[in-house]
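Number of protein chains: 2
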Amino acid sequence: MNRRNQSNDYQCWLGYNKIQEQELLKYYRELLRTIVITGDTPVIKSAREELIKGIEGLTGIDPMIADAPEEKTFLIVVKSGNPYLDNLISKDILAKINEEGFLIKSVKRNGQQKIIITGKSDQGLLYGVFSFLRMIQMEKELDDIEIINNPVNSLRFINHWDNLDGSIERGYAGKSIFYNNNQLTDNLDRIIDYARLLASIGINSIVINNVNVHREETKLIDDKLDMVKKLADIFRNYGIKTFLSINFASPIELGGLSTADPLNSEVRKWWGYKVEDIYAEIPDFGGFLVKADSEHRPGPFTYKRNHAEGANMLAEELKPFGGILIWRCFVYNCQQDWRDYQTDRARAAYDNFKPLDGEFLENVILQVKNGPLDFQVREPVSPLFGAMGATNQFLELQITQEYTGQQRHLCYLVPQWKEVLDFDTYARGKGSTVKKVIAGSLFSQLYGGIAGVVNIGDDDNWTGHTLAQSNLYGFGRLTWNPDLSSGEITDEWVRLTFGNDPVVVETISQMLLDSWEIYENYTSPLGIGWMVNPNHHYGPNVDGYEYSRWGTYHRADHFGIGVDRSVKTGTAYAGQYFEENAIRYESIEFCPDELLLFFHHVPYIHQLKSGKTVIQHIYDSHFTGVEQAIVLKKKWEGLKDKIDEKRYSNILARLSEQVEHAKEWRDVINSYFYRKASIPDELDRKIY
Amino acid sequence: MNRRNQSNDYQCWLGYNKIQEQELLKYYRELLRTIVITGDTPVIKSAREELIKGIEGLTGIDPMIADAPEEKTFLIVVKSGNPYLDNLISKDILAKINEEGFLIKSVKRNGQQKIIITGKSDQGLLYGVFSFLRMIQMEKELDDIEIINNPVNSLRFINHWDNLDGSIERGYAGKSIFYNNNQLTDNLDRIIDYARLLASIGINSIVINNVNVHREETKLIDDKLDMVKKLADIFRNYGIKTFLSINFASPIELGGLSTADPLNSEVRKWWGYKVEDIYAEIPDFGGFLVKADSEHRPGPFTYKRNHAEGANMLAEELKPFGGILIWRCFVYNCQQDWRDYQTDRARAAYDNFKPLDGEFLENVILQVKNGPLDFQVREPVSPLFGAMGATNQFLELQITQEYTGQQRHLCYLVPQWKEVLDFDTYARGKGSTVKKVIAGSLFSQLYGGIAGVVNIGDDDNWTGHTLAQSNLYGFGRLTWNPDLSSGEITDEWVRLTFGNDPVVVETISQMLLDSWEIYENYTSPLGIGWMVNPNHHYGPNVDGYEYSRWGTYHRADHFGIGVDRSVKTGTAYAGQYFEENAIRYESIEFCPDELLLFFHHVPYIHQLKSGKTVIQHIYDSHFTGVEQAIVLKKKWEGLKDKIDEKRYSNILARLSEQVEHAKEWRDVINSYFYRKASIPDELDRKIY
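Line by line, the protein sequences are chains Y and H. Per the UniProt record's numbering: the first sequence = residues 1 to 688. Per the UniProt record's numbering: the second sequence = residues 1 to 688.
Chain Y with its partners taken away, still in its complex shape:
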């Protein structure tokens, strides 16, 4: 595919549009006329191509690529061992770069200004190049810079819920870019572009199929392994390792064995051969992701084995090849009786896994969803984080907007993720944040990182809602560095995607940063969650999950609403946290408003810390949410002359739908509670 014919929305944040400011353009053209980038490994080749592509796009010049630095060369991209650096960059500085990190430094040599990009690995150079191009896109001055930039998380993971038939579980942007009709799609160029996008934000690992592994997908480790190999060949060029979701029952389904018992020697042998086969084809294969004993997926419980026994069996086979085994903690009773007030799905992950701390092999990572339920618009942080000091832990986030508007509503999730990452677990006293736990620094673990369920599909703009590209960008940037602020990330993304016009940057940034709160306002209130239509999860339905088997209840009656999860009178979920948090959540008095109904059942007339009653808060936030959605649309309309027509109208259409659908949310939620509680709105607004 010819990049020059690609639309802005296809290119996302790698648009490399020509610098508009003429002085600056002249400055960059001067500097970037000749560049050196040495090496011919696949990753270096990718970096070189990207550099050329970027400079061409941004400056309009066709840079000379030299083999070795010359007098006038400005940009020099070399590995850290290169003798050219000897007198230019001190050993102390170089020592600060980690395996995947990079240094961008301006130096003077013979009075000539230069920029060095260096790192210990090919990936380091690639990330450095992307970072450098970002600086140009953002119109930074290049004098006097010294940037040492190391990824905080060793594993920066994308999870695909793609199925081989081309469908995507919880996909809202078209079909799979990988698969169609149980084959690879024929648009490999698009997959290359996708690898570029991922590498540019620091992603280094990808799981290429759905955690719910169905019949066809089970064969990916068998007679469909060539498909995996082809994808791995593409991603490898961008420093990305390929992983597979596997079916725990594969020894039965593929191997014809009568059992998949992890302690059975035939089963272990079968997996051993299977892993050998995979590594014979894909020597740098990453490993497996497993959803076991969850929502009807098979797992070790069938054989009265525990999760550690299940995971370790696989990890042992992967270990000789350097492979990793990722085991999901999304395990709960999905056949609950709604009449049962004792069983609490929120408790399940902790109850299932905490007792196993220390029993997992060192190449096993537990993947834990951010909250104890399932990617609701608001949940507390899972109490498992910090609770398993002897176990590698991954944070799983959902980039795809399942419960957060399905890419028809604007809901920028970076602020939500920041709250999760900055949440203090108190596992080892104050400052034991989730981001430290998962980076492996709190308990110094071998592996750690963040996995995100991706939001892309084969829509021309990748994400359905063009502004939803920001969630993928933000996810990548946070996995690289969870200390980046929401503001920084947002500013970067808007500039890279829509240019540096201050009005555009300010307007879109504000829209994004407000959007999560707006979405929360007109959807389900005060941390209670769910209130959506079953199965597809789009649109309001207060009782949608109330009388169901999924462990998802609000318990609203005429008097009040909420789930009592206190230790004293409820399910005792609050007691799963370390003391500081347990105390805070236990009492109605200390529990923060936004999570009140998650932890407590209170009367509608209970007064919140905001001073409002619960019912008035519900009414107010829903009326406000719609007003805010209208403002979002108006703000966007103000940018009409500053955005290309295609992206302008895509986003306008989505924002218009959002306004209409926010009204539906407002009216259904308000009517439901008004009809049930029979308490009038203090402001006497229209409720049906």
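In short, the hints are calculated from the structure, not lab data. Just to be clear, a hint being listed does not mean it is correct.
Restricting the straight-line Cα-Cα distance to at most 27 Å, the calculated cross-link-like pairs of lysine-lysine (DSSO-like) are [what the hints assert, rightly or not]:
1. K686/Y x K568/H
2. K108/H x K120/H
3. K114/H x K79/H
4. K568/Y x K686/H
5. K568/H x K612/H
Some chain H residues close to chain Y (C-beta under 10 Å, calculated; not the full set) [stated by the list, open to error]:
6. N533
7. N541
8. D543
9. R555
10. Y674
11. Y688
By construction, the Cβ of each residue, glycine as well, lies at the ideal position given by its N, Cα and C atoms.
With chain Y's structure known, arrange chain H on it following the hints.
What follows is chain H alone, placed relative to chain Y:
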């Protein structure tokens, strides 16, 4: 397929099991040794085969078939013009037989007792044969009988909602027996058995595809016409005419025209040729059924034409061939705003069609669902019946149990249908029952009858729940003679299906006759309807259709529930009835309890005619309904030794599921209202 290897549940009411009572067996064997049945038309051949099959099965003898009556011949099946009858049966009696009717009469000739079955048409003889076999199955004496039996309705119609891919819209008994993968299935023997079943209950017309005509089905009048021909060839042998559901937009989709405007001459010409093509292949083709301008189906509204213009255009083309055009009245706004209390879906059919009375050609029939909404467990009768004296009207019933338990719950619908048929419209004063309207006798119309959406599929027992066979049987019998009582039909069906053991007959009859009330008890109360999960319509969900676009609301709040459809304060739907009914439904005082919430919004504490409050009625009926479901199961268990294992266990499994699911209904409905109304159960039973 060899009938002898067919299971009891496959054979339904045509099991022809050997008579157990030895005296009686001897008596039948004596009589049925030689029989005469003359003629070799396809329908007579079918009758002859059935007679042989029946006698063989019932008596174990292989009857001699003679060409002409001999001295000792007992059973003589001849057309009414046959000279043999000249001195045996008076002209007066023969004159009482209508075109499809029959006479079964015992006569003496030369001192020898004989039974004559005669009729004016081949079909008459076929129906007579089935009726005669029924008598034997029911162990009737054959002395001294004179039965003149004419069908009351000229058109006795089955509608299939089968799609060519094999799926069945609202099918609960497997896949289509006609289609698979856009082809005819290869099990034509099964279709022949199906034709036998239909003919045995008097069905004479069948629509072989879904009223929602999708892409592939549109081609049935075009390059897939051979499929129609093959089915018509089978059904013709059993006196059944074949009809098609058609796509009103066919001239565009098939013909490449730019319009389907019914007044456009090219469109009319296109349909003219199309009809000619069909009749060239199938000279006795029945005609078309059309769902137009309903639930997103195309229709004349697109071209600003009315339904009469749409229907007449097609009827005119069919007329020269004797074809009939059936036009459905299921037309309403399916994009309603739930906030809108003025629009009332219940009004729609009357509002749309009443003004067109007299404008339809004489070979057009309007097909009207029994109630104004959509086959709920309880609805008033549609006010259209009797309101269009100058128009042919069909009653549409749903044999398939969409809203009535989907053939997992026992819900015998004959009592419901009887209420509809016996409903007095007062169109021409007292006694203007629905059954007279649709038979064409009230206004003496050319065509009339009943159409039933069938409940069969390729499950071995045809209907999923074996007892649901009774609904198909009962439907057929009522189309033939709507004056039959529920008790008579039930008694017949049980005897034919399970034999004549009095305990079996009594037990199963009672189970069937109680089942509709039981199902109503634990589902949606007092005529309000809907309260089901959206789309699939199975299981309780009080708000399932409350905030939706389908015009289906209960308007429940803290104080009360129901839809005000009075003229005085509501949507004025009640005013669509003739005065006697309008007055009854208009006032809360006169409105019958079981329809109260359909017509009125009342407080939960409103006292019903039963003396109970609405809320207490809801609680009581739901607790009672579960108790009754348990009794159903117990009754069945009492028959363990009297029913073959396969049918016993099929039905037991369904009844067990029914009990469990009835509890779910009870608890969800009671909890919903208890939580909302906050009025305790007087008996303090467990509500969640």
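Q | Unmet hints by their number, sorted upward, for this structure | A | none
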